[in-house]
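Protein chains in written order, with this note's numbering: chain A, 1 to 412; chain B, 1 to 325.
Do not take every clue at face value.
Each computed DSS-like pair below joins lysine-lysine, with the alpha-carbon atoms no more than 25 Å apart [said to hold, decoys possible]:
(1) B:Lys-288 x A:Lys-136
(2) A:Lys-225 x A:Lys-295
(3) A:Lys-131 x B:Lys-288
(4) B:Lys-111 x A:Lys-131
Just so you know, these hints were derived from the structure itself, not from any lab.
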Amino acid sequence: MRYEFQLPDIGEGLTEAVIASWSVAAGDTINEDDALCAIETDKALVEITAPCTGMVVEINGAPGETLPVGTVIAVFETEKPPIGAKIAPHAAAAPSKPPEEARSEATPIAAAPFAAKAWSTAVRATPATRKLAREKGIDLETVTGTGPGGRVLQSDVARFAAGGQAGTGNRFSLAPIAHEPGQTRRPLTGLGKVIADQMVRSVTMIPHAASAYRCEASRFVALRKQLQERLGVRISFTAMVMKAMVPALQKYPAFNYSFDDTTNEIVIPPSINIGFAAHTDDGLIVPVVKNCEAKSLAEISAEVDRLAEQARTRQISVENLRGGTITLSNVGSHGRVEITGGRLIVNHPQAAIIGISRIRPFPIVRDGQVVVGQCLDINTSYDHRIIDGIAANLFIERLVDVIEEPGIMLGL
Amino acid sequence: MADDMNLIGAINHALRNELQNNERLRILGYDIGPVGGMFRATERLFEDFGEDRIIDTPLTENGLMGMAVGMAIAGDRPVLEMQFLGFMYNAWGQLVYHLSNLHQKTGGAMKVPVTIRTVFGGGIKPLPFHSESTEAWLMHLPGIRVVCPSTPYHAKGLLLAAMRSDDPVVFLEHAKLYRSIRGPVPEEDYVLPLDKCRHVSRGTDLTVLTWGAMVHVSSAAAEKVDASIEIIDLCSLAPIDVEPILESVKKTGRCVIVHEARRTAGPAAELIALINEYALEWLKAPIKRVTGFDVTFPDTSTEEFYLPGETRATAAFQAVLDFAF
Chain A
1 MRYEFQLPDI GEGLTEAVIA SWSVAAGDTI NEDDALCAIE TDKALVEITA
51 PCTGMVVEIN GAPGETLPVG TVIAVFETEK PPIGAKIAPH AAAAPSKPPE
101 EARSEATPIA AAPFAAKAWS TAVRATPATR KLAREKGIDL ETVTGTGPGG
151 RVLQSDVARF AAGGQAGTGN RFSLAPIAHE PGQTRRPLTG LGKVIADQMV
201 RSVTMIPHAA SAYRCEASRF VALRKQLQER LGVRISFTAM VMKAMVPALQ
251 KYPAFNYSFD DTTNEIVIPP SINIGFAAHT DDGLIVPVVK NCEAKSLAEI
301 SAEVDRLAEQ ARTRQISVEN LRGGTITLSN VGSHGRVEIT GGRLIVNHPQ
351 AAIIGISRIR PFPIVRDGQV VVGQCLDINT SYDHRIIDGI AANLFIERLV
401 DVIEEPGIML GL
Chain B
1 MADDMNLIGA INHALRNELQ NNERLRILGY DIGPVGGMFR ATERLFEDFG
51 EDRIIDTPLT ENGLMGMAVG MAIAGDRPVL EMQFLGFMYN AWGQLVYHLS
101 NLHQKTGGAM KVPVTIRTVF GGGIKPLPFH SESTEAWLMH LPGIRVVCPS
151 TPYHAKGLLL AAMRSDDPVV FLEHAKLYRS IRGPVPEEDY VLPLDKCRHV
201 SRGTDLTVLT WGAMVHVSSA AAEKVDASIE IIDLCSLAPI DVEPILESVK
251 KTGRCVIVHE ARRTAGPAAE LIALINEYAL EWLKAPIKRV TGFDVTFPDT
301 STEEFYLPGE TRATAAFQAV LDFAF
């Protein structure tokens, strides 16, 4: 059958493109994904590949010519048009270019000029499912249907609402990586799958913004030493930062919020429950220290150590993994000391994540002099829907204040 | 005080009560006198109330219909026995030209309180035209009520209400139900509303709309399906009591209509249209119909294949329940 291939919208708000070159000519046979042509946009030179295997019947657009997106640039005769393709009407019988007269007199039914979407590619869903999607503010076009014939089910809508769908748009499709000799594969299962799903949920649902800061932590280090000596217990830096986060979160509580994507509501929790990333052989687990605002530093530190050990041995109860309102990641705990930062992924549906480096010597400027400081780098990513950059600055400044001069915690 | 009766007994009981209650009530039709009616609905009424009240007529349906209209205009309460719905087609002229529209044509000045009792439906292996389910033709006619009881209790209450109504009422009695079911019928006088449906069972997964003998087929089929099924007996086919139907469909999101009438432009089409118009958003599955086929009602040897039964009803219920949404 005949398949008309339109100049695709390759994103970035592209409305037109210049044909740069053709890799085929009319009459050539071509395999799916072979180079078809190159187009030039405002931003880049992009190679367009063949959408199907078959014979190129016609190509349209000379090199240098500007064409609007949606223009038919190639016509294929193919056994297997792309899935979801709109087949050219009466393709086999009709000449590819009907005479002007015939075109103008064509009946609407034959030419279907108003059909915004062919029935074969239209969303299939029951009225009840459409109602549900409308109530949740979800465009069914963007939901992958798992029912018979690709029907979108209420469970698909619910999964989408929870951020559990990988391909959220229909502008791009996911191409498999070719199987090649020597290559091995293993499925993602267990904790790895849980982490992967959670990360996709996070980056799909949350518009991330990020900021990075450096502070001087020598007094913080000294305090830790002093506390350990006086109290006779181990106090971890993770616990100290958690304790330092409490007054900052109380002053700027947006960092402690969550966002309910199913209802578009900001959720304001009654307590500060700080999750911390614990490394295990199978991947990261995030135990939660609940009610940090009501706990002493020694209590928090003991709980962090206990939960981290339970996480490492995979003995931790589900209850201790739930209810987090913000996450702290000690990104400096492993590897070399030079790490200064990186982009963190917010743990959906929380609003923010804080990453801390190891404390290590760096040159800093103090009173106009370059001196060696004990530096702690702080990175944060946050949900830009509910936290903006100024709010993030204010929050981190309050945290930095405490780290640089821990004594002020007494007054907060 | 309630006696167990079959449906024909309840009809006879209601007629006798109303003959005693209202001296302007007269029954007319053929074979209703000494014979006591084809199905014995008027048994012993001729003997007890005499020929002025129980008027045994020649076989002339259109003439009977016109006569009933005239009597009603003159102040009587005629109850016309049309022996079978299939015979009533002869009386369509008087029904359409006069009975159904005199009230509207006179700006409401004229009441035509005629009750037409007629036998419909298959399942008793009779002769041709004795098994018709053409209630859709009646539903399409404005100006008349169409009522159909499915139990002896409802037969008495609805028939008494029909005979006391100022509107023309076609009262559909299902032949198969006359003697196949028994139930308690209170001795005392009671009427049931002429324009209200009733819930045969309550459920949350599927709404089944039905009437007449199909109420019992649907109930039996529902027993065989592992789901919570709400069965509504329409009782009144004109007017349709639409609110409880919509409420039920909105609750369950699914609907099957079971009727004996033929499929094309049958009553189910109207019910589906109403649901489509007012409850579309709640639907989880396409509505299914379990109906007779688009053929003349077949002869006795094949009527069991024509009539919707438990197997067809169960299959439709299951299909609608299984539809992924």
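Name the hints, by number, that the structure is in violation of. Hints 1 and 4 contradicted; others consistent.
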